[in-house]
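First to last, the protein sequences are chains A, B and C.
Here our numbering is used: position 252 in the first sequence is 252, and no number is missing along the way.
Here our numbering is used: position 332 in the second sequence is 332, and no number is missing along the way.
Here our numbering is used: position 250 in the third sequence is 250, and no number is missing along the way.
It is worth saying that the hints were derived from the structure and are not from the lab.
Because the structure is a prediction, the values reported are computed rather than measured.
Certain hints may be false.
As the list claims (entries may be wrong) - With a straight-line cut-off of 30 Å between C-alpha atoms, the simulated BS3-like cross-links for lysine-lysine are:
id, chain 1, residue 1, chain 2, residue 2
1, B, Lys37, B, Lys345
2, C, Lys244, B, Lys37
3, A, Lys187, A, Lys169
4, C, Lys135, A, Lys96
5, C, Lys135, C, Lys193
6, B, Lys336, B, Lys303
7, C, Lys135, A, Lys99
8, B, Lys172, B, Lys37
9, C, Lys244, B, Lys336
10, B, Lys206, B, Lys345
11, B, Lys345, B, Lys379
12, C, Lys135, A, Lys187
13, B, Lys327, B, Lys37
14, B, Lys103, B, Lys379
15, B, Lys127, C, Lys244
16, B, Lys198, B, Lys139
17, C, Lys244, B, Lys139
18, B, Lys170, B, Lys75
19, B, Lys75, B, Lys222
20, C, Lys193, A, Lys99
21, A, Lys99, A, Lys187
22, B, Lys103, C, Lys244
23, A, Lys174, C, Lys135
24, B, Lys127, B, Lys269
Claimed, not checked - A short list of chain C residues far from chain A (calculated; beta carbon distances all over 12 Å):
id, residue
25, Gln65
26, Val160
27, Thr223
Stated by the list, open to error - Derived list of chain C stretches under chain B, where covered just means 3 residues or more per stretch with a C-beta under 8 Å from a C-beta of chain B:
id, segment
28, 34 to 42
29, 229 to 237
30, 244 to 257
Note that the Cβ used here is the ideal one computed from N, Cα and C, for glycine as well.
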Amino acid sequence: MDTFVQQLINGLTIGSIYALIALGYTMVYGILRLINFAHGDIYMVGAYAGFMIATSAGFAANPSAFGFVVTLIGSMAIAAAIGMAIERFAYRPVRKYSKMTTLITAIGMSLFIEYLFVFIFSGTPRSFPELLPSQNVTLFGNATISTSQILIFLVSIALMVLLQWIIYKTKIGKAMRAVSYNINSAKLMGINTDFVIAFTFALGSALAAAGGVLTAQYNPKIEPLMGIMTGLKAFVAAVLGGIGNIPGAVLGGLLIGAAETLVVGYGSYVGIPSTYRDAVAFAILILVLLLRPAGLLGSNVQEKV
Amino acid sequence: MIRFFLAISLVCSIFLSFACVQKGGNGTTADTGDTIKVGVYGDLTGQTSSFGQSTKNGIELAVEEINNASGVNGKKIQLIVEDDQGRPEQAKTVVSKLINQDKVQAVLGEVASTNSLAAAPVAQEAKIPMISPSSTNPKVTEVGDYISRVCFIDPFQGSVMAKFASNTLKAKTAAILGDVNSDYSKGLTQFFEEEFTKLGGRVVTKEAYTQTDPDFKGQLTKIRNLNPDVIYIPGYYGQVGIIARQARELGMNQPLLGGDGWDSPELWKLGGDSLKNAYISNHYSAENPAPEIQNFVNAYKAKFGVVPDSLAALAYDAAKVLADAIKRAGGTDSAKLRDAINATKNFSGVTGTISLDANRNAVKPAVVLELNPSAGAFKYKETIAPEGSATTAPSSNSASGANTNSSANANTVANANSMPAGNAANR
Amino acid sequence: MSTWLRNFVAAAVIIAILYVINAMMSSTGFFGIGIDDYQARLLVFIAINIILAVSLNLINGITGQFSIGHAGFMAVGAYASAYFTVTYGRAVESAFGFLGETAASSVVLIVAIVIGALVAALMGLIVGIPSLRLKGDYLAIVTLGFAEIIRIVILNIEAVGGATGYQVPGYANFLWVGIFAVITIVVIHNIAKSDAGRALVSIREDELAAEAMGVNTTRYKVTSFVIGSAFAGVAGVLFAHYNKFLSTNDFQFIKSFEIIIMIVIGGMGSITGAILGAIIVTLLPELLRQLPDIQVAGATFRFADLRLVIFALILILTMILRPQGILGTREFGLNWLKRPMRTPEGKSPTGDDGGVPIAQQAEARHLESEEDKNA
Numbered sequence: 001m002d003t004f005v006q007q008l009i010n011g012l013t014i015g016s017i018y019a020l021i022a023l024g025y026t027m028v029y030g031i032l033r034l035i036n037f038a039h040g041d042i043y044m045v046g047a048y049a050g051f052m053i054a055t056s057a058g059f060a061a062n063p064s065a066f067g068f069v070v071t072l073i074g075s076m077a078i079a080a081a082i083g084m085a086i087e088r089f090a091y092r093p094v095r096k097y098s099k100m101t102t103l104i105t106a107i108g109m110s111l112f113i114e115y116l117f118v119f120i121f122s123g124t125p126r127s128f129p130e131l132l133p134s135q136n137v138t139l140f141g142n143a144t145i146s147t148s149q150i151l152i153f154l155v156s157i158a159l160m161v162l163l164q165w166i167i168y169k170t171k172i173g174k175a176m177r178a179v180s181y182n183i184n185s186a187k188l189m190g191i192n193t194d195f196v197i198a199f200t201f202a203l204g205s206a207l208a209a210a211g212g213v214l215t216a217q218y219n220p221k222i223e224p225l226m227g228i229m230t231g232l233k234a235f236v237a238a239v240l241g242g243i244g245n246i247p248g249a250v251l252g253g254l255l256i257g258a259a260e261t262l263v264v265g266y267g268s269y270v271g272i273p274s275t276y277r278d279a280v281a282f283a284i285l286i287l288v289l290l291l292r293p294a295g296l297l298g299s300n301v302q303e304k305v
Numbered sequence: 001m002i003r004f005f006l007a008i009s010l011v012c013s014i015f016l017s018f019a020c021v022q023k024g025g026n027g028t029t030a031d032t033g034d035t036i037k038v039g040v041y042g043d044l045t046g047q048t049s050s051f052g053q054s055t056k057n058g059i060e061l062a063v064e065e066i067n068n069a070s071g072v073n074g075k076k077i078q079l080i081v082e083d084d085q086g087r088p089e090q091a092k093t094v095v096s097k098l099i100n101q102d103k104v105q106a107v108l109g110e111v112a113s114t115n116s117l118a119a120a121p122v123a124q125e126a127k128i129p130m131i132s133p134s135s136t137n138p139k140v141t142e143v144g145d146y147i148s149r150v151c152f153i154d155p156f157q158g159s160v161m162a163k164f165a166s167n168t169l170k171a172k173t174a175a176i177l178g179d180v181n182s183d184y185s186k187g188l189t190q191f192f193e194e195e196f197t198k199l200g201g202r203v204v205t206k207e208a209y210t211q212t213d214p215d216f217k218g219q220l221t222k223i224r225n226l227n228p229d230v231i232y233i234p235g236y237y238g239q240v241g242i243i244a245r246q247a248r249e250l251g252m253n254q255p256l257l258g259g260d261g262w263d264s265p266e267l268w269k270l271g272g273d274s275l276k277n278a279y280i281s282n283h284y285s286a287e288n289p290a291p292e293i294q295n296f297v298n299a300y301k302a303k304f305g306v307v308p309d310s311l312a313a314l315a316y317d318a319a320k321v322l323a324d325a326i327k328r329a330g331g332t333d334s335a336k337l338r339d340a341i342n343a344t345k346n347f348s349g350v351t352g353t354i355s356l357d358a359n360r361n362a363v364k365p366a367v368v369l370e371l372n373p374s375a376g377a378f379k380y381k382e383t384i385a386p387e388g389s390a391t392t393a394p395s396s397n398s399a400s401g402a403n404t405n406s407s408a409n410a411n412t413v414a415n416a417n418s419m420p421a422g423n424a425a426n427r
Numbered sequence: 001m002s003t004w005l006r007n008f009v010a011a012a013v014i015i016a017i018l019y020v021i022n023a024m025m026s027s028t029g030f031f032g033i034g035i036d037d038y039q040a041r042l043l044v045f046i047a048i049n050i051i052l053a054v055s056l057n058l059i060n061g062i063t064g065q066f067s068i069g070h071a072g073f074m075a076v077g078a079y080a081s082a083y084f085t086v087t088y089g090r091a092v093e094s095a096f097g098f099l100g101e102t103a104a105s106s107v108v109l110i111v112a113i114v115i116g117a118l119v120a121a122l123m124g125l126i127v128g129i130p131s132l133r134l135k136g137d138y139l140a141i142v143t144l145g146f147a148e149i150i151r152i153v154i155l156n157i158e159a160v161g162g163a164t165g166y167q168v169p170g171y172a173n174f175l176w177v178g179i180f181a182v183i184t185i186v187v188i189h190n191i192a193k194s195d196a197g198r199a200l201v202s203i204r205e206d207e208l209a210a211e212a213m214g215v216n217t218t219r220y221k222v223t224s225f226v227i228g229s230a231f232a233g234v235a236g237v238l239f240a241h242y243n244k245f246l247s248t249n250d251f252q253f254i255k256s257f258e259i260i261i262m263i264v265i266g267g268m269g270s271i272t273g274a275i276l277g278a279i280i281v282t283l284l285p286e287l288l289r290q291l292p293d294i295q296v297a298g299a300t301f302r303f304a305d306l307r308l309v310i311f312a313l314i315l316i317l318t319m320i321l322r323p324q325g326i327l328g329t330r331e332f333g334l335n336w337l338k339r340p341m342r343t344p345e346g347k348s349p350t351g352d353d354g355g356v357p358i359a360q361q362a363e364a365r366h367l368e369s370e371e372d373k374n375a
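Let the hints inform the model, and build the full structure from the sequences given.
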């Protein structure tokens, strides 16, 4: 039993990270109907931004809670800026073209960021400094949870609550909801859609960056190509929960994280080797798209001719 | 449609006319003027770029030293470096370019056996000698007599750790956690299991991970339940550091064992204190006080700012072996150079005394090192020599094997220096 | 001259040219003139990439679907045929030995190609049937996912080498690769020119309208997907037997993206565009290798290391500045594929759309007219 709980805790930890990234995907898709392929790479950018802040501001040498908070917020800010820049210079000019064009641009952007970082930082994995000490807390039996895992849970929940507040209790949130409902009507109502879109990108990128810093605390290895797989799985999580649906993204993220870890832990009993972990997410995607394309919490929108 | 095809053909023929060369020559590569061109290929920008960079650095240092000492037979070595991004198809393409366009007289590379296997046939067919610094899959040298290596092969390295686990650590059960994407890891897993079972141990489970896995607790929890005496993790430092951490977090305190893939300065940062009670098999020990090794370490640190890892050391040796062979062959005539390389015996390198056997693999002892995270260094533990070599007595597997080796073994001068176990030289 | 005779002569000329080039690649050259191994390799890769680009163009460019997992089908074809030649190649060769050596090895290659194409087509069917109900973005991710799953599965099969790699006998040479490139071009061209091709284009331009006009969109989409995958499989077979070595590392995401870049740069509806894109994408990295290193602030800077960054940048800039690629949906030279219908309210008096498909123009005009209303 305690093994199962252990695996579940591990799964939900990863799942929280997927959830943070999935939120960004789902928000951008809700507003622009665009899958931002480069979003997973923003997660990586966040981790590197945190790394740069921590090492240059000296937090690496003197770990402290203050240092962690500054690193986290700093990397979120940098990622938000980069997200807005990407939107402004790469996505806005192609918005008027077909969906395929924007998707290809997103793919190109993703590759560009990845290999630019390989070029600048070299592909060698770096070690993210440990800003908060990590200890193990025994829950019961053999099940342990480490403080960095607890940190991930807490920060993720806090950010998600913050996001809910922004979307449902502020004016800009209302504007975001309006634009995701119908962009042209929103324009007619006087909403500055360009600003709302930029804000959405900033918000999503900040969340992804937070995911990056939190993951780096838990698993200190960072490298430029770390965003690819994680980003794809977060996308699957967004689809699983219902793309465009915010609680759905969270639910999807946790489910994918749990499913993955359980397959690794118990899959051998049903003949699935643990190395098929990545295939799990894709298999889930295919099943969702075949059986319930709207996702778990999404609503079926009929296409009008 | 036809017009289109004819147009394309015209364009192609113009293009081809530039590409045409005289063929039908006898294919030997004569020395081109007064530099010796050596090609280097490796992964410089891909997923394993740290390996490629280390290798390139080691070779560059060696060549710089050689050229400063008036070159080989009076000629300087010119390096031509190409990036293959870790993709076997590109490895083959760049070696083809190095040989056919740049007209190199020898090739150094690659680290990953898959890439070496892809590129070796090109060198073999073109009759250009290729020395791999760190590919450990036995199949690489089977490609042909122009292909050789200066490292030991998986069968040997896997069995080294098995012997250590069984004889020194007295382990009866072991679990193996390997990298499914890595041929190196799979090779070591296979041979460790064989040897360990032969020595009476039992491998309780074999788990696997991929390099993109964010965490390993799933596999580790399974291993924890089986409670093995030791855990063998024949992977690369990037994942091993985290695995060690997570294993300790799960309360698993048994010894962790590994191979030379662990050797990198980044390992300490990634793994921290969880790397206590861990051992690896390696080619050399940077703290070996022998002057050649210390000179190498200091020179590398001065030029590149970091302590060399085993890949850099092997690459350095590969370049030096090549230069030595060129000197012995009196030139770079391909057949003579090949013979000179294959005849390398008792070459004193920083990674040990290198002799190539009949299969053109390096025969040399491996060292078992204990990890010392507080010093960020490896501590020498013992030496295990290859079986069947004339120098080893049957009992050389025990911890005092170093003594037996040095007395019976005329060529392990380097090892004699590494005997004292507690010797942690300052860096 | 009758058409039949004209085509025959054309085919003969083409084969002759390919034969000469192939002879130049051998060690003795063609009457002493030859091509060195490296450039030969590039030419073969250009031909293989042409097959890949043209086949993907059928799916993405002509039918307007969005498949970004083409490398998966290539891998399937490559490994399936390689397994065949490694295990049964010798046996088949000796069975046909009475035809002479070259003919016998050709037979092996042809059987291998058939096997590779069939297996890849089957895979295309398996992937296509469930996925083609999905729209653009989702289809893209699903094809990507399938390609990854295929790769992971192959990686775990020890019988084909696993992580070490698989050594394959070398039955293919430039002559074969070139012939199949030409066959691919001719076949896809004929499909595009035919009635079925019109149906595919109509699906690209406006799927609902096509369905309303009685075009069985699902059937056509799946068929084009299967044909495209089959040709990708052929490319895989030829790659395997020319490269003589297979490793799953050569079939990762980045390979699929490279094929996408080829057709995007060349123009997504255009076969000659795909060919042009294939040539550019194959040669550009090699050209970049030739550039000298530059010194910037004490650090040496190699252009070759920037290859992928430059590719990505080219992709982005192409999309921003000229989304239809170099040739759009037009073909080089001959006007065999009708341009999209001119609309009465075209911007320029001649209704010249510059090769931009209707769907894109429609959106642009829609949004513009919206803004005009708001102003």
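Going through the hints against the structure:
1. Proximity of lysine 37 of chain B to lysine 345 of chain B is assessed by CA-CA distance (about 24 Å); at most 30 Å being required, the pair is judged to hold.
2. Distance check on the hinted pair: lysine 244 of chain C and lysine 37 of chain B sit about 27 Å apart at the alpha-carbon level, within 30 Å; holds.
3. Among the hinted pairs, lysine 187 of chain A with lysine 169 of chain A is consistent with the structure: their alpha-carbon atoms are about 21 Å apart, no more than 30 Å.
4. This hinted pair checks out: lysine 135 of chain C and lysine 96 of chain A have alpha carbons roughly 18 Å apart, not beyond 30 Å.
5. The straight-line distance between the Cα atoms of lysine 135 of chain C and lysine 193 of chain C is roughly 25 Å, inside the 30 Å bound, and the hint therefore holds.
6. The hinted pair formed by lysine 336 of chain B and lysine 303 of chain B fails the criterion: a straight-line CA distance of about 34 Å is larger than 30 Å.
7. About 10 Å separates the Cα atoms of lysine 135 of chain C and lysine 99 of chain A, which keeps this hinted pair within 30 Å; it holds.
8. For a cut-off of 30 Å, the pair hint linking lysine 172 of chain B to lysine 37 of chain B is broken: about 52 Å separates their Cα positions.
9. Between lysine 244 of chain C and lysine 336 of chain B the alpha-carbon distance is near 28 Å, which keeps this suggested pair within the 30 Å criterion.
10. For the hint pairing lysine 206 of chain B with lysine 345 of chain B, the CA-to-CA distance comes to about 38 Å; that exceeds 30 Å, so the pair is violated.
11. A distance of roughly 28 Å separates the Cα atoms of lysine 345 of chain B and lysine 379 of chain B; the hinted pair therefore holds under the 30 Å criterion.
12. Distance hint between lysine 135 of chain C and lysine 187 of chain A is fulfilled; the C-alpha atoms sit about 26 Å from each other, no more than 30 Å.
13. Our distance criterion of 30 Å between C-alpha atoms is met by lysine 327 of chain B and lysine 37 of chain B, whose separation comes to about 14 Å.
14. Between lysine 103 of chain B and lysine 379 of chain B, the direct Cα distance comes to roughly 43 Å. Violation of the 30 Å bound is thereby established for this hinted pair.
15. Restraint check: the Cα-Cα separation between lysine 127 of chain B and lysine 244 of chain C comes to about 18 Å, which is no more than 30 Å; the hinted pair holds.
16. Only pairs whose Cα atoms come within 30 Å are accepted, and lysine 198 of chain B paired with lysine 139 of chain B is accepted, the gap being roughly 23 Å.
17. About 15 Å separates the Cα atoms of lysine 244 of chain C and lysine 139 of chain B, which keeps this hinted pair within 30 Å; it holds.
18. This hinted pair does not check out: lysine 170 of chain B and lysine 75 of chain B have alpha carbons roughly 53 Å apart, beyond 30 Å.
19. In summary, the hint linking lysine 75 of chain B to lysine 222 of chain B is not supported, as the alpha carbons are separated by about 59 Å, beyond the 30 Å threshold.
20. A hinted pair counts as satisfied when its Cα atoms are at most 30 Å apart, and lysine 193 of chain C with lysine 99 of chain A qualifies at roughly 26 Å.
21. Of the pairs offered as hints, the one joining lysine 99 of chain A and lysine 187 of chain A holds, with about 20 Å between alpha carbons and a cut-off of 30 Å not exceeded.
22. Using a Cα cut-off of 30 Å, the hinted pair lysine 103 of chain B and lysine 244 of chain C holds, with the two alpha carbons roughly 23 Å apart.
23. At most 30 Å may separate the alpha-carbon atoms for a hinted pair to count; lysine 174 of chain A and lysine 135 of chain C meet this at roughly 29 Å.
24. Annotation: proposed proximity of lysine 127 of chain B to lysine 269 of chain B is violated, straight-line Cα distance about 44 Å (limit 30 Å).
25. With a closest Cβ-Cβ approach of about 9 Å to chain A, glutamine 65 of chain C is found to fall inside the 12 Å limit, against its non-interface label.
26. With a least beta-carbon separation of about 16 Å from chain A, valine 160 of chain C lies farther than 12 Å from that chain, consistent with its non-interface assignment.
27. The beta carbon of threonine 223 of chain C is kept farther than 12 Å from every beta carbon of chain A, the shortest such distance being approximately 20 Å.
28. By the rule of at least three residues with a Cβ nearer than 8 Å to a Cβ of chain B, the coverage given for the segment 34 to 42 of chain C holds, with 8 such residues.
29. For the segment 229 to 237 of chain C, the stated coverage by chain B is not satisfied: 0 residues place a CB nearer than 8 Å to a CB of that chain, which falls below the threshold of 3.
30. Only residues whose C-beta sits within less than 8 Å of a C-beta in chain B count toward coverage, and the segment 244 to 257 of chain C has 5 of them, enough to reach three; the restraint holds.
Violated hints for the displayed structure, listed by number in ascending order: 6, 8, 10, 14, 18, 19, 24, 25, 29.
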